[in-house]
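Enquirer: If you want the building blocks of each chain, they are given just below.
Number of protein chains: 6
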Amino acid sequence: MNLEETARKIRTMEIRGAGRIARAAANALYVHSMEEKTTDLVHYRKKMNEAADLLVSTRPTAVSLPNAVNLVMRPLKNESDFLSARQNLEKRALAFMKRSEEAVSRIGTIGARHIRDGDVVLTHCNSEAALACILMAHRQGMDIEVYATEVRPRNQGHITAKTLSDAGIKTNFIVDSAARYFMKEVDLCITGADAITVNGSVVNKIGTSQIALAAHEARVNFLVAAETYKFAPWTILGQRILIEERSSDEVIPAEMKNALPNVTVRNPTFDITPADYVDLIITEAGVYPPEMAYTVIKEQLHWDNEDMTSDLPYCEEE
Amino acid sequence: MNLEETARKIRTMEIRGAGRIARAAANALYVHSMEEKTTDLVHYRKKMNEAADLLVSTRPTAVSLPNAVNLVMRPLKNESDFLSARQNLEKRALAFMKRSEEAVSRIGTIGARHIRDGDVVLTHCNSEAALACILMAHRQGMDIEVYATEVRPRNQGHITAKTLSDAGIKTNFIVDSAARYFMKEVDLCITGADAITVNGSVVNKIGTSQIALAAHEARVNFLVAAETYKFAPWTILGQRILIEERSSDEVIPAEMKNALPNVTVRNPTFDITPADYVDLIITEAGVYPPEMAYTVIKEQLHWDNEDMTSDLPYCEEE
Amino acid sequence: MNLEETARKIRTMEIRGAGRIARAAANALYVHSMEEKTTDLVHYRKKMNEAADLLVSTRPTAVSLPNAVNLVMRPLKNESDFLSARQNLEKRALAFMKRSEEAVSRIGTIGARHIRDGDVVLTHCNSEAALACILMAHRQGMDIEVYATEVRPRNQGHITAKTLSDAGIKTNFIVDSAARYFMKEVDLCITGADAITVNGSVVNKIGTSQIALAAHEARVNFLVAAETYKFAPWTILGQRILIEERSSDEVIPAEMKNALPNVTVRNPTFDITPADYVDLIITEAGVYPPEMAYTVIKEQLHWDNEDMTSDLPYCEEE
Amino acid sequence: MNLEETARKIRTMEIRGAGRIARAAANALYVHSMEEKTTDLVHYRKKMNEAADLLVSTRPTAVSLPNAVNLVMRPLKNESDFLSARQNLEKRALAFMKRSEEAVSRIGTIGARHIRDGDVVLTHCNSEAALACILMAHRQGMDIEVYATEVRPRNQGHITAKTLSDAGIKTNFIVDSAARYFMKEVDLCITGADAITVNGSVVNKIGTSQIALAAHEARVNFLVAAETYKFAPWTILGQRILIEERSSDEVIPAEMKNALPNVTVRNPTFDITPADYVDLIITEAGVYPPEMAYTVIKEQLHWDNEDMTSDLPYCEEE
Amino acid sequence: MNLEETARKIRTMEIRGAGRIARAAANALYVHSMEEKTTDLVHYRKKMNEAADLLVSTRPTAVSLPNAVNLVMRPLKNESDFLSARQNLEKRALAFMKRSEEAVSRIGTIGARHIRDGDVVLTHCNSEAALACILMAHRQGMDIEVYATEVRPRNQGHITAKTLSDAGIKTNFIVDSAARYFMKEVDLCITGADAITVNGSVVNKIGTSQIALAAHEARVNFLVAAETYKFAPWTILGQRILIEERSSDEVIPAEMKNALPNVTVRNPTFDITPADYVDLIITEAGVYPPEMAYTVIKEQLHWDNEDMTSDLPYCEEE
Amino acid sequence: MNLEETARKIRTMEIRGAGRIARAAANALYVHSMEEKTTDLVHYRKKMNEAADLLVSTRPTAVSLPNAVNLVMRPLKNESDFLSARQNLEKRALAFMKRSEEAVSRIGTIGARHIRDGDVVLTHCNSEAALACILMAHRQGMDIEVYATEVRPRNQGHITAKTLSDAGIKTNFIVDSAARYFMKEVDLCITGADAITVNGSVVNKIGTSQIALAAHEARVNFLVAAETYKFAPWTILGQRILIEERSSDEVIPAEMKNALPNVTVRNPTFDITPADYVDLIITEAGVYPPEMAYTVIKEQLHWDNEDMTSDLPYCEEE
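Chains as they are written, first to last, in numbering that gives the first Met the number 0: chain A, 0 to 317; chain B, 0 to 317; chain C, 0 to 317; chain D, 0 to 317; chain E, 0 to 317; chain F, 0 to 317.
Hints listed in this document are in silico derivations from the structure and should not be mistaken for laboratory results. Note that the structure is predicted; figures quoted are calculated from it, not measured. Keep in mind that the hints are not guaranteed to be accurate.
Copies of the same chain are indistinguishable here, so a pair counts whether it falls within one copy or spans any two.
When the alpha-carbon atoms are kept at most 30 Å apart in a straight line, the in silico DSS-like pairs for lysine-lysine are as follows [unchecked claim]:
| id | residue 1 | residue 2 |
| --- | --- | --- |
| 1 | 76 | 45 |
| 2 | 297 | 76 |
| 3 | 256 | 169 |
| 4 | 36 | 169 |
| 5 | 36 | 183 |
| 6 | 76 | 256 |
| 7 | 46 | 256 |
| 8 | 256 | 183 |
| 9 | 90 | 76 |
| 10 | 297 | 97 |
| 11 | 183 | 8 |
| 12 | 256 | 36 |
| 13 | 161 | 45 |
| 14 | 45 | 256 |
| 15 | 183 | 169 |
| 16 | 76 | 97 |
| 17 | 45 | 183 |
| 18 | 76 | 8 |
| 19 | 169 | 46 |
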């Protein structure tokens with residue numbers, strides 16, 4: 000799939016999900032580089048930068064997209080020789096795709112070590128990484144039980160329940176409002192993340208922070224399972240994560256809405272869970288407390304001093 | 000409407016809502032007493048006790064029902080003379096119905112004094128008493144704005160939004176999960192109550208305790224508007240309020256449920272908000288902190304020493 | 000001093016302080032009753048009611064004033080005979096004045112029992128009742144040390160420091176901002192109160208709630224010393240205590256203010272300490288937890304059922 | 000057993016335990032009154048007052064003792080006729096003994112209603128009232144499991160474990176330090192009380208407050224089971240409960256102690272659990288939140304206005 | 000300005016403010032190096048070390064001073080060649096001065112990204128870095144409003160209010176005690192810092208920790224704006240920051256003080272805000288959570304392993 | 000002492016204590032390498048790996064053991080030349096032993112800087128590192144006082160009390176349950192650690208977390224003194240620290256236990272204190288907040304990227 004097609008599909012959401020978007024972008028850069036005829040570094044750099052800008056512009060609020068592009072594009076900054084620049088870029092693109100593909104399974108392996116036989120686990124929304132931990136624990140023979148929330152307004156909990164039921168895991172399905180009611184029976188919460196900021200705040204599906212608060216109140220551990228490219232490097236420079244509000248149709252049928260002239264539907268996609276309520280973040284590179292986000296960004300996303308003094312290049316601010 | 004018909008309608012939920020049930024029971028006792036031909040106190044007492052038992056048995060978990068019956072039946076305990084027993088009982092039945100009818104409006108008047116011009120108020124579920132406070136504040140000319148939750152699984156928030164919109168009040172409609180997200184913009188929470196225990200715990204629609212927790216975290220006052228007959232006297236004797244779980248169909252369509260063999264839908268109607276998260280309870284008799292529930296029960300529900308040493312007469316336990 | 004003169008002096012703040020205002024009002028009613036020539040109950044009641052209204056109108060936000068008037072005027076409601084109404088009213092006026100005069104000393108006696116030899120006590124503002132506890136403990140031979148705050152903007156801490164120094168008590172004088180810094184060395188906080196609401200919130204000099212919060216954070220007991228007429232009965236009916244804002248001149252000289260065109264001085268006199276941060280309230284009638292405010296109002300201010308269903312007669316609302 | 004013998008046995012601790020002491024004192028007053036030959040009220044009052052003073056002086060820090068004496072002696076204050084004073088006193092003595100004897104079983108009945116089938120209950124020390132709740136729940140067929148602490152330094156937990164084991168209840172025996180470790184597996188804590196103050200603080204065996212804190216941290220309900228005569232009325236007047244320190248021999252053998260010249264053994268018997276960490280107090284008269292202690296004192300210990308203005312008659316202060 | 004003059008001016012506080020002191024010290028070392036005639040490394044090192052010691056001794060508690068000296072002096076440790084040692088030292092001195100001068104503006108750029116249009120910001124004391132964020136947000140066209148405290152005892156709030164008013168920013172001026180009262184209307188707190196320890200504690204103007212506590216209580220974000228040289232590296236070795244107490248004259252006029260023989264004025268300059276109450280620290284190098292202080296010290300102050308095993312060379316301990 | 004003997008003595012607990020075990024293992028590897036006759040790298044590596052595996056297998060739950068072995072064995076991974084591999088390994092073994100021996104004294108020096116003259120310090124269990132801080136402060140002439148707990152069930156507090164008494168330090172000896180009771184008189188808590196996880200949780204003697212909770216409640220700083228080899232690197236990969244349960248005989252005599260058929264003794268050795276309750280960790284390399292554990296592991300235990308992608312090689316999981 001070439002650059003333009005990839006860009007289009009990300010923009011139209013044919014390609015969705017942090018991992019798939021990131022890998023598609025890396026692949027598009029790889030293909031674009033392969034197809035590039037020039038042998039001149041300046042020209043090559045210009046062409047690749049245009050490609051990078053195009054890709055990043057398609058979903059300015061997705062954290063994984065600029066992270067992927069940034070990781071792949073890094074050789075262009077430092078290399079002074081066309082050939083090694085190109086080879087290096089292509090090598091990094093392939094490496095990124097490979098690691099991304101393996102990340103969820105690696106997270107499952109590490110995360111399952113935090114589940115004990117007999118545990119009751121609560122999860123919210125439909126996170127591949129969070130489910131990987133639960134499924135791995137189940138596959139290892141642990142007798143576990145899950146509470147899965149409905150996840151209004153888009154009901155992603157239905158998919159979660161399906162996955163768990165199909166895997167043969169005893170699952171309790173509850174409305175989002177019932178999380179605190181059942182929290183006393185829960186041993187562990189695990190959710191995914193859409194983005195993680197430099198001070199360890201976790202941006203995730205609306206409702207997550209409420210559940211984390213209720214877990215904290217009941218001394219229940221709250222774990223986040225997230226690939227390292229969910230960490231948002233530009234938050235080091237003060238960038239704030241945009242919380243998108245989606246259509247009111249997701250919440251209330253249009254015809255009903257029309258009968259409510261004084262009513263505005265507020266439909267934020269995400270909320271922000273402060274680091275205080277998060278015990279651990281499980282990544283494919285290991286387990287970190289949320290306060291270590293800066294270190295993850297430096298070590299895993301290869302954020303360097305030059306980045307530190309730059310502006311916010313790829314990301315639009317709220 | 001005579002006794003049997005009333006009992007039937009309460010049982011089949013044709014008569015619903017704490018206030019309507021309570022008034023219907025009081026009225027049934029009134030009518031039953033009027034129709035009673037005897038002039039013998041012993042016989043009269045026996046007949047009325049049977050009626051009381053019948054009524055209470057129809058909805059053993061509704062707090063307002065035994066409270067109403069208890070308040071009306073009290074003269075039978077102490078009176079030694081048929082005529083005054085009967086007159087007193089009938090007088091009390093009428094008084095109860097009148098007070099109950101006026102209670103919501105009185106709560107509105109008192110509660111509106113806790114709302115200030117410009118306030119943003121969050122409410123959950125569809126409480127007549129909570130809405131009375133908001134509507135009264137609006138009627139008094141205050142410029143207020145409301146956040147109303149969806150209230151899964153039965154979507155009572157749609158009714159709340161309709162009431163507010165029709166009254167011309169600027170309303171934001173949100174999913175239950177978004178309460179903490181918007182809490183920083185809220186000045187005051189007001190909800191109703193289904194029951195209040197002797198230590199000030201508030202039993203109310205599932206999700207209430209989660210919102211109260213989020214309000215507490217953000218130093219937002221949390222008020223409960225409730226008629227005095229929502230206080231549960233038998234909790235003094237250790238009774239625990241039964242949290243009913245309703246059909247899974249409310250949460251998930253049966254056909255979808257059937258495809259999820261390992262999934263159980265847990266659908267509790269209420270949850271319990273501890274007194275620590277409740278700033279005030281607004282009743283038709285005035286404002287109380289939740290810790291004062293015992294005093295409300297004694298003064299307003301005329302709970303006496305004889306009651307204190309009794310067993311749990313009318314109420315089934317969890 | 001007759002009625003008009005008393006009213007004038009309260010209005011012009013020649014008579015100040017919750018206790019002095021209350022006693023002056025009781026005395027004015029007493030004198031007015033003595034001087035009344037009529038022997039007709041209806042006429043007498045009318046005249047006394049006018050006097051009461053006049054007095055209460057002079058300082059609508061002072062809680063002790065309507066409390067005193069209400070306590071004295073109570074016989075007029077129930078008595079059907081002129082002579083006993085008048086005698087009763089005059090007796091109550093004298094009794095109120097006597098109790099009020101003795102209240103502070105009684106509070107000192109009770110409160111000193113909560114101080115131990117060697118204790119370090121922090122106080123804020125200049126409360127006669129709070130100081131009575133400290134002075135009594137000192138007089139009983141305890142070796143105590145006090146932290147007294149400056150109390151901006153009117154520097155009432157200077158008076159407190161003078162009183163303590165004159166009594167020979169080792170005193171540390173600190174700016175208001177230093178309360179948390181020294182809290183780890185404090186064993187006990189004692190302040191006064193301007194008003195106490197039905198849910199145990201303590202209205203007191205600005206800065207009190209901040210100190211109570213810091214005490215709570217460090218597990219330091221926080222006691223409030225207050226005469227029973229500081230409890231605000233009409234808060235039962237939803238009344239909110241008005242927090243007056245005073246002149247900017249108290250905070251910043253007018254000439255400096257004039258050079259700051261975009262600056263508004265906000266100068267609230269009081270703040271509100273929630274019951275959660277108050278361990279005990281010491282009154283002349285004994286020690287109560289703040290949640291018991293309703294009971295104090297009923298037992299000590301003789302608030303009755305008729306009051307419960309009334310409106311807010313004497314008090315202006317915020 | 001006559002007065003002097005009773006007094007001696009209480010003093011020498013032959014008679015121990017709040018309930019037994021209280022009943023012995025009531026009985027001693029009863030016997031003393033029966034044996035009194037006079038028919039003169041003044042003389043009778045004098046003799047009985049001397050007896051009361053003698054009894055109370057034997058254990059000045061036991062709360063149940065002055066409570067029992069006070070309840071029995073009350074008629075002497077108000078009665079103006081010898082015969083009815085005496086009859087009334089004797090009647091009250093008998094009534095007190097009967098109620099005290101039934102209190103524990105009544106507490107068991109009420110408290111068991113707060114235990115659910117399958118619950119894991121933690122208890123500390125060896126409280127008859129707390130165990131009554133657990134044993135009653137077990138007797139009613141509930142499948143419960145208990146965590147019992149060792150209770151250093153006197154190892155009262157050994158007796159608790161014996162009682163539970165003999166009753167056939169699955170029990171886990173742990174050192175006091177392990178309470179927080181196992182708290183996540185606990186559904187409910189129940190302890191007894193040695194005294195309860197007017198603001199709901201619970202004085203109980205050293206270690207109780209630490210467990211209550213750990214329960215609070217984990218959202219585990221903490222219940223106190225206590226006869227009404229454990230409430231300390233004179234705390235209304237500012238009395239503080241004396242926390243006795245016992246011999247170092249209980250903690251460390253004398254010979255070891257001698258080898259530690261710079262070591263002082265501090266061995267307080269009780270600690271104080273603040274009302275904030277107590278969800279409910281279960282008495283024989285019903286369930287109360289701790290903030291209601293004043294009301295319990297008034298209603299159950301018949302504390303009256305005269306008491307309110309008195310000094311601390313029977314109790315020594317700390 | 001030569002070394003001795005610089006040293007004198009820092010000692011006499013002619014040169015004040017963390018930034019100005021640091022730059023003056025760097026400049027003095029630069030000038031001193033330029034003026035040094037020797038070409039012998041040993042001699043040069045000796046002379047420069049003496050200069051460094053002199054400078055650091057002038058204000059042993061100012062964190063920026065040893066940080067600046069340390070950063071400039073570092074080449075002397077590692078270089079083995081006179082010329083490169085000297086060149087490197089001078090280059091670092093110039094670089095430090097440049098970065099320090101730009102730091103505040105960079106902090107303003109980054110910090111302004113955390114302010115949103117319509118925000119109400121509270122600040123305490125008069126921090127150039129904190130104000131830079133507010134002023135930048137205003138300059139970018141955001142409609143913001145500020146609460147500025149008085150800052151007893153030296154009233155630095157007057158300067159802050161002047162700066163804000165002159166910039167055309169709507170400002171509310173309040174006494175320090177009113178911070179909690181207005182906290183519910185505040186969206187964000189930003190203050191500066193005098194020093195930041197390795198565990199993220201923020202040493203700042205007395206009163207800061209009280210405000211941070213009140214912000215935490217109300218879920219209001221609390222940001223600290225501080226140049227990286229405010230981080231205190233020797234706290235890694237256990238150094239504690241000295242909290243200076245200043246003259247009583249700042250708090251109370253000497254003549255008034257004289258009339259208070261038993262009163263001591265305690266006038267600490269700073270207090271310590273624990274990391275728990277700080278959401279973010281904004282530096283010229285980016286945004287960090289307070290727990291990352293060690294990393295800032297290592298990366299920005301070039302603290303190395305040799306430092307780790309050293310003693311506390313330049314700094315006097317408390 | 001050769002390899003087999005060392006392995007045996009660690010297994011049989013003749014060699015105990017984190018430091019002694021670690022040094023013995025390093026020494027055994029050193030001796031084993033010295034005795035190895037081969038000059039072939041492949042063979043040498045194989046032999047040393049077998050030795051390492053043997054050593055680690057002796058006490059799979061001791062954190063210091065694999066840390067020591069890992070630090071010593073590291074050269075074998077990277078070196079390609081036999082001689083430098085062997086020299087490097089032996090050099091590292093000696094360096095590890097030296098550093099380990101000096102670690103406690105270095106911790107004492109750093110930790111004493113956090114104690115102030117006049118401080119009251121509470122410690123739990125018998126930690127050499129924690130005591131080093133206290134003893135050093137005492138040696139420096141500070142007038143300090145210590146609270147030492149009994150430490151059931153093995154009474155390690157007796158040893159602590161002996162050490163302190165012998166050093167001439169005023170010590171209070173208390174049962175574990177009394178920690179919260181005396182916490183208000185404590186200025187600082189210092190304990191040791193058995194292991195520290197990547198998110199800063201401190202595994203230490205049962206009861207530690209309860210004391211840390213009580214310290215947190217009273218705003219008392221809680222410090223942990225621990226050598227860097229107490230940090231558990233494999234927790235980065237999700238490893239959980241095994242909490243061993245020891246024999247019931249430690250808690251209750253066997254004959255008593257036999258009389259309690261329904262009683263199980265639960266005797267966990269350690270509990271887990273969350274990072275939230277720990278202010279600082281004092282290591283021989285400096286002071287860190289607990290959230291920095293990952294950095295300590297990387298910098299001090301030389302954990303590298305290869306480790307990050309490995310499995311859990313030496314450690315058994317819970």
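Enquirer: Work down the list of hints and note, for each, if the structure agrees.
Expert: Hint-by-hint comparison with the structure:
1. 76 with 45: within (11 Å within a copy, 42 Å between copies)
2. 297 with 76: Both, since 17 Å and 25 Å are each at most 30 Å.
3. 256 with 169: between (38 Å within a copy, 14 Å between copies)
4. 36 with 169: neither (56 Å within a copy, 59 Å between copies)
5. 36 with 183: neither (63 Å within a copy, 55 Å between copies)
6. 76 with 256: For residue 76 and residue 256, neither the intra-copy (52 Å) nor the inter-copy (55 Å) Cα distance is at most 30 Å.
7. 46 with 256: neither (48 Å within a copy, 53 Å between copies)
8. 256 with 183: Answer is between; shortest inter-copy Cα gap is 25 Å, intra-copy 37 Å.
9. 90 with 76: Answer is both: 15 Å inside a copy and 26 Å across each meet the 30 Å cutoff.
10. 297 with 97: For residue 297 and residue 97, both the intra-copy (20 Å) and inter-copy (25 Å) Cα distances are at most 30 Å.
11. 183 with 8: neither (44 Å within a copy, 37 Å between copies)
12. 256 with 36: neither (55 Å within a copy, 56 Å between copies)
13. 161 with 45: neither (47 Å within a copy, 49 Å between copies)
14. 45 with 256: neither (49 Å within a copy, 55 Å between copies)
15. 183 with 169: both (18 Å within a copy, 22 Å between copies)
16. 76 with 97: both (23 Å within a copy, 25 Å between copies)
17. 45 with 183: Intra 57 Å, inter 46 Å, cutoff 30 Å: neither.
18. 76 with 8: within (28 Å within a copy, 46 Å between copies)
19. 169 with 46: Result: close neither inside a copy nor across copies, 53 Å intra and 48 Å inter.
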